[in-house]
Each structure stands twice: as C-alpha cells, then as structure tokens.
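Chemist: Residue numbers (our numbering), protein chains in the order written: chain A, 71 to 285; chain B, 21 to 213.
Derived from the structure by calculation, the hints contain no laboratory data. A portion of the hints provided could be inaccurate.
Stated by the list, open to error - Residues on chain A that point at chain B, a partial pick, calculated with CB under 10 Å:
no., residue
1, L101
2, C104
3, A108
4, V109
5, T124
6, I154
7, Y163
8, A164
9, A262
10, Y270
Unchecked claim - Covered, in the sense of this in silico footprint (three residues per stretch, anywhere, with C-beta under 8 Å from a C-beta of chain A), are these stretches of chain B:
no., region
11, 41-52
12, 99-107
13, 138-146
14, 195-207
What the hints assert, rightly or not - Computed Cβ-Cβ distance ranges for the label pairs, DEER-style:
no., chain 1, residue 1, chain 2, residue 2, range
15, A, K199, B, G80, 31 to 39 Å
16, A, A136, B, L184, 44 to 52 Å
17, A, P143, B, S27, 41 to 49 Å
18, A, G233, B, L184, 31 to 39 Å
Every residue gets a Cβ at the ideal spot worked out from N, C-alpha and C, and that includes glycine.
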Amino acid sequence: MNEAAERDAPSPTDEFVKGLWRENPVFVTVLGMCPTLAVSNTARNALAMGLATTFVLALSGAAISAVRRFVPPQVRIATYIVIIASFVTAVEYAIQALSLDLHKALGAFIALIVVNCQILGRAEAFASKNGVVVSMLDGLGTGAGFTLALACLGTVREILGSGTLFGVELFGAGFQPWVLLVLPSGGFFTLAAWLILFNYFKTRPARRAEPEAAR
Amino acid sequence: MNDEALSTIFINACLINNFVLAYFLGICPFLGISNRIETAARMGAATSFVLVVSSLCAYGVHHLLEAIGAPFLQLTAYIAVIASTVQLVEMFIKKVSPALFRALGIFLPLITTNCAVLALALFQTNRGYGLVQCLVFALGAGAGFTLALVLMAGLRERLELAELPGILRGTALALVIAGLLSITFMGFAGLSG
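Make a model of the complete structure from these sequences and hints.
Modeler: Right, here's the structure in full:
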C-alpha cells in the first residue's frame, strides 16, 4: 500500500534521475538531434552546448511552470516559445561575453537552442502541469542527460577524429587521425554506433531468456 | 552587403552545404517523416514554401529592428515571424486545397520547430544578403532539404524489405544511411571551385 503510493508520486530526485538515463533525451527519445550532431565534433564544444541547453531547460521550465495558471491554452505554445527565446538570448550574450572563441565555434547553434524540440517538449509535457521546483529539477535532469549524451559523442569524435581530448594531445606523432569522424558524416555514424550499443544492452535480457523459453 | 553570385548561393545552399547533411538542420523531420517518398516530397514542398516566405519576412524584420535599434529582440522576433508564417500557410492551404491540407496533417504546424527555418533567417542576416539573394538562398535551402528527404525516403523504402539484425532497426539504421548520404554529398564540395 505504502509502496504503491510512493510509486505514484515520484520523488524530486526521481524527476532528476529519469532524464539522465531512463528518458535520456538523445539516446531514448531521440529529440534535439540537430545540435547534438552539429556541435559534438570536440568535447569542449559538446560540453558547452550541453551546459547552455541545461541552463535554458531549467530556467524556462521554472518560468513556464510559474505562469502556467495565467496562460490561456490557445496561446500557450507561443508563450512558451517567447519565454524560451528570452533565455536563449541571455545565454547567447553571456557566452559571447565570456568566450568569443566558443561563441564562434558554436555559431548559430546557440540561437538554435530555441527550436530544440526537447525544450518545448518538456515545457508541454511537464512544466505546464507541475510545480516550479519540480519543473526546474526535471529541466536540470533532462539537461544533464543531454549533456551526458553530447559528451559521449564529443569525446569519441575528438579522440578518434583529431587524437586530442579537450585540446590536449593524447597520442604520439605517429597517430593517424580518423578525419571522417570530425566531418558531418562522423556525427551520424558515432550516434548510430552509440544507439546500436544501447540497443544491444537493452535487448540482451530478452535474447538470453529466449533459448530457455524454447526449451 | 554581400556580393556573392546568385548561382553560387543556390548551389551552395542546395548541394555543397546541404542544410540537412552538412549543417544538421531539420534532422527531426528528416528522420521522422522519411518513410514514404510521397510524404517526404510533400513535406519538402511545404517546408520550402515556409522557408521562402519566412526568409522574406525575416529580411523585413531585420531591417525594422535595425531601424529601431533593438538587435537583442532578433531571435524572439524571428521565431514569432516564423510561427505566424506557418499559421498563415496552414490557413491558406486549408482554404485553397483541403486535400493537400489533410495529406500534410500534423507535419504542417511542426515546421515551426524545424531548425532549418530559423537557421536560414539567422544565416542570411549574418551574411548580409540582399533581398534577391535571400530569396535564392531560401529556394536553394528548400530544394536541398527536399532532395535529402526524398533520397532518404527512397532508401528506407527499399530497406524495409531487407533482412536486418534486430539491434540495427529503427533510428540507428536511419543514422547510418544519413552518414553515407552525407559522405556522398561531400563529393559536391568540388563544385565550389
């Protein structure tokens, strides 16, 4: 009885953790692909993009949740977009002020956080129905999951594609970089490889159970 | 002001720097709506139309914002313009051709969150294109998007009949195909001369 009630009302930690793994925005729900693939050519870009998106996710989640009672349902999407766009503008100016190099490397993709479907997705699916603190945690969790996924892609692509990690040389002079991975097609291949790996682990219990059932 | 030739802009946007395969823009519809060639072509046409209209609107909005000295509103203004353009297109198609409207269904409003549309507006502003250049740029981007979508749909239609291991099915396979297409499009880089 008690256990069932606990399961019905997930704890705040749960809201955070689910975005990290069970509902990971990139690997499980496959949302927000454009920035994922475009800026994950080095680990540094990937991490910066992940953090910027997390910031927008958390704050817009909180803001949208705060105004959810005052917004008429007909104009809610437009309202959400404007709220998200304001935070993205703030992030863009902040990055430009902090590191011009990073701003140049990420280019238009900072502004394109606005149309990252997972932000609007979380706003519609979660923040518009839940309290401010929980929505912020949900945003932080989703953002952390997004950052994790980007970091996975970014490190693989940087290590194999240019032989460095965060700009530090990893191998000796004899290393032949696998240039393809830094190019656009490498983004597609690396993500496909990660997805295949996850599919493999997800289906393993089922495959193990099968021969037994056949017997 | 940018003085790139119109043909260069078109070929650049359509083939060399294809929005989907080189810039990773509009990946969501690219992966989501590329199961049938017919739907893919219709989606491409609708997106191209929105690209052209919103590109022209964004050109106007950019100059308006310059005039009143509020560049920080650019992003918000663009997204509002795009959302209303999509709404207008939706109403227009509904009035003119109800059949096409039904065929496009949910894809139509989703064009708002297609990053290719917003990216086009931002790129043309950054590069300082004139009105005609904007128009050609939008047409090229739309043609490139449609081309990528139709190619992808054709490949996926064939693959449906193929025997595949379970872990490859779905998104993973689509991404591998996209990667191969992207390599193919790299061959067009020679066109830039």
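Chemist: Now, for every hint given, state plainly whether the structure supports it.
Modeler: Against the structure, the hints come out as follows:
Given hint, L101(A) at the interface with chain B, holds; its Cβ is 8 Å from that chain's nearest Cβ, closer than 10 Å. A distance limit of 10 Å between C-beta atoms decides the matter here; for C104(A) the minimum to chain B is near 5 Å, and the interface restraint holds. Interface hint status for A108(A): upheld, as the beta-carbon distance to the closest one in chain B is roughly 4 Å, under 10 Å. Below 10 Å, beta-carbon pairs count as interface contacts, and V109(A) has one with chain B at about 9 Å; its hint therefore holds.
Because the beta carbon of T124(A) sits about 19 Å from the nearest beta carbon in chain B, more than 10 Å, this interface hint is broken. At a threshold of 10 Å, the smallest CB-CB gap from I154(A) to chain B is about 9 Å, leaving the interface hint in force. Annotation: interface hint on Y163(A) holds; nearest CB of chain B at approximately 7 Å, less than 10 Å. Checking A164(A) against chain B by beta carbon gives a least distance of about 12 Å; that is not within 10 Å, so the hint is violated.
With a least beta-carbon distance of about 4 Å to chain B, the hint placing A262(A) at the interface is held under the 10 Å criterion. Because the beta carbon of Y270(A) sits about 5 Å from the nearest beta carbon in chain B, less than 10 Å, this interface hint is met. Counting residues of the region 41-52 of chain B whose beta-carbon sits less than 8 Å from any beta-carbon of chain A gives 9, enough to reach three: the coverage restraint holds. Coverage of the region 99-107 of chain B by chain A holds in this model, with 3 residues showing a Cβ closer than 8 Å to a Cβ of that chain against a need of three.
With 5 residues carrying a beta carbon less than 8 Å from a beta carbon of chain A, the region 138-146 of chain B meets the three-residue requirement, and the given coverage holds. Residue count for the region 195-207 of chain B with a Cβ under 8 Å from a Cβ of chain A: 8. That meets the three needed, and the coverage hint holds. Checked against the given bound of 31 to 39 Å, the beta carbons of K199(A) and G80(B), roughly 38 Å apart, stay inside it. For the pair A136(A) and L184(B), the beta carbons lie near 47 Å from each other, so the given range of 44 to 52 Å is met.
A beta carbon spacing of about 48 Å between P143(A) and S27(B) agrees with the range 41 to 49 Å that was offered as a hint. One distance hint, 31 to 39 Å for the beta-carbon pair G233(A) and L184(B), holds here, with the actual separation near 34 Å.
Hint violations for this structure: numbers 5 and 8, all remaining hints satisfied.
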